Structure formats: structure tokens, C-alpha cells
Amino acid sequence: DTAVSQTPKYLVTQMGNDKSIKCEQNLGHDTMYWYKQDSKKFLKIMFSYNNKELIINETVPNRFSPKSPDKAHLNLHINSLELGDSAVYFCASSKRGVTDTQYFGPGTRLTVL
Amino acid sequence: SQQGEEDPQALSIQEGENATMNCSYKTSINNLQWYRQNSGRGLVHLILIRSNEREKHSGRLRVTLDTSKKSSSLLITASRAADTASYFCATDAGGNEKLTFGTGTRLTIIP
Numbered sequence: 657d658t659a660v661s662q663t664p665k666y667l668v669t670q671m672g673n674d675k676s677i678k679c680e681q682n683l684g685h686d687t688m689y690w691y692k693q694d695s696k697k698f699l700k701i702m703f704s705y706n707n708k709e710l711i712i713n714e715t716v717p718n719r720f721s722p723k724s725p726d727k728a729h730l731n732l733h734i735n736s737l738e739l740g741d742s743a744v745y746f747c748a749s750s751k752r753g754v755t756d757t758q759y760f761g762p763g764t765r766l767t768v769l
Numbered sequence: 008s009q010q011g012e013e014d015p016q017a018l019s020i021q022e023g024e025n026a027t028m029n030c031s032y033k034t035s036i037n038n039l040q041w042y043r044q045n046s047g048r049g050l051v052h053l054i055l056i057r058s059n060e061r062e063k064h065s066g067r068l069r070v071t072l073d074t075s076k077k078s079s080s081l082l083i084t085a086s087r088a089a090d091t092a093s094y095f096c097a098t099d100a101g102g103n104e105k106l107t108f109g110t111g112t113r114l115t116i117i118p
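In the order they appear, the protein sequences are chains W and S. Here the first sequence stands for residues 657 to 769, where the numbers follow this note's numbering. Here the second sequence stands for residues 8 to 118, where the numbers follow this note's numbering.
A portion of the hints provided could be inaccurate.
[Unchecked claim] Restricting the straight-line Cα-Cα distance to at most 35 Å, the calculated cross-link-like pairs of lysine-lysine (DSBU-like) are:
1) K63(S) <-> K697(W)
2) K692(W) <-> K723(W)
3) K751(W) <-> K77(S)
4) K751(W) <-> K696(W)
5) K692(W) <-> K708(W)
6) K33(S) <-> K692(W)
Just so you know, the hints here were simulated from the structure itself, not pulled from any lab data. Computed from a predicted model, the values in this text were never measured in an experiment.
Bound-form chain S, shown alone (with noise of 0.2 Å):
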């Protein structure tokens, strides 16, 4: 299947610290997108990245792609409390209109 393997599962860094978390993926993809789910929420879209482009920033946020490695990494610079969550990647393949979501990472911020 398409599904999307996170690593690490788990992640726990003091305040302050950057987190890294990556994505790798198995066939061809249109656009990587990345979501925020707090703890019994909804998901959050934090950004999409598309097949031609490698990386991209918004605000503490960073994503990068690479399609030859079918890989993706979520970069959370200066961590908050508040970034505590589960982080998902989610692929979309030409022609399947829809979205395969990850395994997800659980990322701990400790104040």
C-alpha cells in the first residue's frame, strides 16, 4: 500500500530544542502534506509540499522532499509546550483522489 511510515513513533525533547521527524513513503506522489492532531482532536494541516518542489518554511515549520528517496521531513524549530502532539505526513498519488496518512509520530515537549 501507499502508506506513509513515520519515525520515530515516539519523540520527547526539552522546550526549546528543535524536533525532526521523517516520512517515508512508496510510490509516486503528486503532494506531501504534513498535519498536527492534539490529543482527542481533529487534524490540523500545517503545510503541503508539492512533487517539484524540495523544501519549504512556514514560520517554526520546515518540510523538505525527497522524491528520489520517497522521504519527507518535518522540522519544528525552538519547540513550544504547546507543539506537543501527534504529527502525520499524507500523500496523494495522480489519479487515487485520496490521501494516505501516515503512521504518525507522537512528538513530547518538556517544559
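Extracted from the complex, chain W is given alone in its bound form (with noise of 0.2 Å):
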């Protein structure tokens, strides 16, 4: 059984579309959060949600929304996309915070054009 899932795996789209990548974990985690990883593989936080409640928003632009509807879910909305939001987007969980193991889904790579 898959333990953190993201849809979609590949997203390709044009400059200033708005675009919504999900994400679904199955741990009974109370902790979720969304990570970009650019093309030096480099991979920087840009939120975190414990119990759907957001604690960290690392100076990500407004275009970014994130949203969770329960515990296991945190979707992350994307307004006007730009040539820079280009790269792998991964969600994690965790059972409670970042002192515990953190749990990878399998990454979206977003191409915007």
C-alpha cells in the first residue's frame, strides 16, 4: 500500500495557468508538509501543516496556496504559474513533527512552458 501518494506525477503547462497538485497519506500522520526540489536537486521547505492547521510558510510567493481539507490530505493550488515554478514537488508526513522520520511521496514534477 502506498504511503504518501501525490497526483499527478507529470504536469505540464503553460505560463500563467493555475494548476493543483493533491496529496494523500495513509499513516495516520498528523503532520504534512510540501517541498521543492529544483534542478540542482536542491530541496527547501515551503509549508507545514499539523493537524490541518498550517505552521510553517517558508516566504513561498502567494500564488502558492496550500489546503487541507483533513489530516491525510494537504493539496497544494498554484496560481499564474511562472517559468520559475519549474521542479519536482514532493509531500512528506510525519507522525507528529520534524524530529520523526518523514515520509516521501513520489514527487510531481511540474514543466511549465
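Put the two chains together into one complex; each comes in its own frame, and the hints tell you how they fit.
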């Protein structure tokens, strides 16, 4: 069974469009995260939610809006996509917080043309 | 920033040899974790070492932590082709509630 799943795996879109990436975890974890990995493999936290509450917003542009309808889901909506948004986006979850092991999804490769 | 630097950036060794990669960070930490990322996949947790620990083992993995030097090393013994991946260290500092990842070491095991 997949622990952390993301859809879609690949997303190719035009500049200016709005897109969403969905994430679900079936581990019963309290905390979920979104990370962005750039072309140089640098991985940076974007958002963190604990029990549906936002606890970290790491100076991400307002065009990015996470939404957590329940503890098991954390979706990422991106408005007005820009070329610089092209990257791989990873969802992750952990039982409580950052001191626990994080379980990563397979990633969504976003390409903005 | 707290971002870790990993050294070397890339490492190629023969199957069966040991691989050592290093991570340095800038500020005091609570824990340091190592993750592996296979090409095109998400990260997989390998091991966590707390700031009051100096060494930890898990199977063929050995991690050391030197808080005075703000550095950690990951040793993979008797490497296998399946160990080919990128390896990242990640740290969390007190009250920060986030993991900060290093730049990664790309390890290639030559069969």
C-alpha cells in the first residue's frame, strides 16, 4: 500500500495557468509538508501543516496556496504559473513533527512552458 | 542559513568498497537525519542521530556526529549497485519546526 501518494506525477502547463497537486497519506500522521526540489537537487521546505493547521510558510509567493481538508490530505494550488516554478514538488508526512522520520511521496514534476 | 553542505558532491566507487560522505551545518541542532533519493523517486529515511549521540549504526550504515565541528558522516560498507542514489543530510534546529536539507552527494556504485 502506498504510504504517501501524489497526483499527478507529471504536469506540463503554460505560463499563467493555474494548477493543483494533490497529496494523501494513509499513515495516520499528524504533520504534512510540501517541498520544492530544483534542478540542482536542492530541496527546500515550502509549507508544513499539523492537524490541518498551517505551522510553516517558508516565504513562498502568495501564488502558492496549500489546503488541508483533513489530516490525511494536503493539496497545493498554484496560480499564475511562472517559468521559475518548474521543479519537482514533494509531499511528505511525519507522525508528529520534524524530529520524526518523514515519509516522502514520489514527487510531481512540474514543467512550465 | 542553516543549509548543510555535503562533501563530496559526487562519488564513484567499485562495488564492495566502502563509501563515506560528509555533511557540515552552521547552527546548533536537535537532530540530524540522513535520507536517500533514487533517481526519479522521493526521499527515503535512512537514519536519525540525536545531538547527544556520537555514533549510530543501522545494517551497513554507520553515522557519526561531531557537534563541536558541526559535521556528520555517513559510511556505507560493502557497497552494492542498489546503493546508487543521492544522499542528503537534514537538520532541525530547536524551535524551528522544519528540516533543512543539505546539497546532497550523488553516489555511483560501479558493478
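Results of checking the hints against the structure:
1. K63(S) <-> K697(W): Satisfied, since the Cα-Cα distance of roughly 26 Å is no more than 35 Å.
2. K692(W) <-> K723(W): 16 Å, holds
3. K751(W) <-> K77(S): Holds, at about 27 Å.
4. K751(W) <-> K696(W): 29 Å, holds
5. K692(W) <-> K708(W): Within the cut-off at roughly 20 Å; holds.
6. K33(S) <-> K692(W): Given pair K33(S), K692(W) holds - Cα atoms ~22 Å apart, limit 35 Å.
When held up to the earlier numbered hints, the structure conflicts with none and fits them all.
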